[in-house]
Amino acid sequence: MAKKFKITICSGTTCYVLGGAQLMMLADSIPAELKDQVEIVDSNCIKACHFENAQPPFVQINDYLMSQASVAKVVDYLRKHLQEQA
Amino acid sequence: MNYINNASLLKRQLIVRFARLMFAGKLKERIDYLPMQQAPRDVAAVRCCVHHDRAVIRYRLIALLGFAIENEKPEDEARSLASYAEEAETLGESRLAGSVLTVIDEACSACIRANYRVTNACRGCVARPCIMNCPKSCISFENGHALIDEKVCISCGICAKVCPYHSIIYQPIPCEEACPVDAITQDERGKEDIDATKCINCGKCLQACPFGAIMERSEIFEILRAITNPAEPTVALIAPSIIGQFNTSLGKLVTALRRLGFDHVAEVAWGADLAAEKETAELIERLEHGQTCMTSSCCPAYVEAVDKHLKTIKPLVSDTLSPMQYTGEWAGRQWPGARRIFIGPCIAKRAEARRSPHIENTLTYEELGSFFIAAGIDVTECEESKADLEASSVGRKFAVSGGVSAAITRAAAAGGHAVTEKVINGLDTKSLATLKAIDKIVKPGTFIEVMSCEGGCINGPGVISNPVVARRFLEKMLEEKQP
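Residue numbers (this note's numbering), protein chains in the order written: chain G, 1 to 86; chain W, 1 to 483.
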């Protein structure tokens, strides 16, 4: 079965140093009811920081690019969108 | 505990901007614009207004240039940052003398004057035991609630104890609560001051302050100048805890360091291997001479704590040099005249390095990461290469609490000496009290590892990765290395 959410965490140096290091804890923080809906991928730089006024760290959730991402923001997003689509 | 917070991210952004100017050779020309760039007019201010934000950023830059903010004279408020950069160049490293930590008065919010506060859970009861029992009579009654006069309160806590609704709470001052040696205290205005005669440079106050008011006096000015100058040879001495800081392999990191401008890269874990060997020999010799126990000496905050607060246990501390110093000594023989730059998670190492003839400068991971961003180097995309000096997994484990004592006891056991190990994981008032009487507590023949940071160096004040992640990464890597 395909997972509902594919989460790509950018581990490029810019993202990692400017807050992305904390996103490595994401897998530990996904609520139990969401666990089998989520696939987490650790990726090299996804080049989102190359844009003017970029606000790292970045996380890509399916088609959505989240800037200034944090564990809490990602979990909130998942909760919200799981309900929307259900 | 090291947790992610906005104050440290803002500091990293500022270091990126600073480094970009240094790489472009435009520091003096452009540094006075940095506060405006970091806190632009059209973005909501973090403090009361954009001007206050900018004033704090200005002081951060002064600390990044290596100056102590305490030395500011009233007329210096009108000085340009360019003139500080100029002075950094003319004074050179003599400006770095004195305490490593500095307090930005402008950022310190003088947060808490009295440690007890009446919350809105107060019922305004008839009994009013808080008022009746306050030894300073500093509690009054206003709008149906008890109110503590912060100027008179002595924080004795009796009111909180007697309140039937538990509506009076204890609020610590974060930096003072974090300091294990009472070195940071409020002045008459409520602003914090660091007493250099007591301070052990552990950096716990810096991690604890929610306003980012405590800064280390950085050496990035010297370091950036040296690595951008092709004529000046430089050595990066990377601490064992660097594994796990960039979510990538050590080999890629070595390439990234070379691309940044370091001519040579040496693993300090090599010095840790050597230190473990010497410390084991020292321990066995001391035990044979009738000493009951010996403590490690690799953590500089602990060594400073002994020198300043626990003089009686000084004879128990190992005389073995720290891994940083052994590696620095080696690098000095290998590349005479090169600038040896220790890269680690530690603030106390800055103080140790300034006293040592084997190290010229120190850099934190946080600063290094910001340099990579400024130089546009993505560590994960670098190819693998080998450091000029490599280490074994024994030395690499020094980064994690328990790693030092495990190395020593194992080496002692291999030589037929049974040694007990004890780990003091993190310095606080309680563990310092334990250390004071350590020779009476432990059984004879014990090696005691002491780390100021809970969890070891991977939880130091200058790290990037969450210590849980760094520990996992380190363990994974060491497993792969040992077939």
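Treat the hints with care, since some could be wrong.
Computed cross-link-like contacts, DSSO-like style, restricted to lysine-lysine with a CA-CA straight-line distance of at most 30 angstroms [claimed, not checked]:
#	chain 1	residue 1	chain 2	residue 2
1	W	430	G	35
2	W	422	G	47
3	W	476	W	440
4	G	47	W	436
5	W	476	G	6
6	W	73	W	28
7	W	436	W	422
8	W	476	W	314
Restraint-style ranges between C-beta atoms, simulated for each label pair [claimed, not checked]:
#	chain 1	residue 1	chain 2	residue 2	range
9	G	35	W	149	38 to 44 angstroms
10	W	157	G	34	51 to 57 angstroms
11	W	197	G	34	36 to 42 angstroms
With the Cβ distance kept under 8 angstroms, some of the chain G side facing chain W (calculated, not the full set) [what the hints assert, rightly or not]:
#	residue
12	8
13	13
14	14
15	18
16	19
17	44
18	53
Since the hints were derived computationally from the structure, they do not count as laboratory data.
In this text, a Cβ means the ideal position worked out from N, Cα and C, and glycines have one as well.
Against chain W, with CB atoms and a cut of 8 angstroms, does the hint on residue 53 of chain G hold up?
Hint on residue 53 of chain G: violated, closest Cβ of chain W at ~10 angstroms, above 8 angstroms.
Straight-line Cα separation of residue 430 of chain W and residue 35 of chain G no greater than 30 angstroms?
41 angstroms, violated
Residue 157 of chain W paired with residue 34 of chain G, Cβ distance criterion 51 to 57 angstroms:
44 angstroms, violated
Using the Cβ atoms, figure out if residue 197 of chain W sits within 36 to 42 angstroms of residue 34 of chain G.
About 54 angstroms separates the Cβ atoms of residue 197 of chain W and residue 34 of chain G, which means 36 to 42 angstroms is violated.
Hint check for residue 149 of chain W and residue 35 of chain G - Cβ pair distance inside 38 to 44 angstroms
53 angstroms, violated
Agreement of hint residue 19 of chain G with chain W interface, Cβ distance less than 8 angstroms
Nearest chain W Cβ about 5 angstroms off; hint holds.
Given the hinted pair residue 73 of chain W and residue 28 of chain W, is their alpha-carbon gap at most 30 angstroms?
Holds, at about 21 angstroms.
30 angstroms limit on alpha-carbon distance, applied to hinted pair residue 47 of chain G and residue 436 of chain W
This hinted pair is violated, its Cα atoms lying about 54 angstroms apart.
Would the hint linking residue 476 of chain W and residue 6 of chain G be met if the CA-CA limit is 30 angstroms?
25 angstroms, holds
For the restraint on residue 13 of chain G, tell me whether the closest CB of chain W is nearer than 8 angstroms.
5 angstroms, holds
Please verify that hint: residue 18 of chain G, Cβ, nearest Cβ of chain W, below 8 angstroms or not.
Where the cut-off is 8 angstroms and the nearest Cβ of chain W is about 6 angstroms from residue 18 of chain G, the hint holds.
Quick one, is the residue 8 of chain G hint okay against chain W at 8 angstroms, beta carbons?
Cβ of residue 8 of chain G sits 14 angstroms from chain W, so the hint is violated.
Of the hints listed earlier, those the structure fails to meet are numbers 1, 2, 3, 4, 8, 9, 10, 11, 12 and 18, in rising order.
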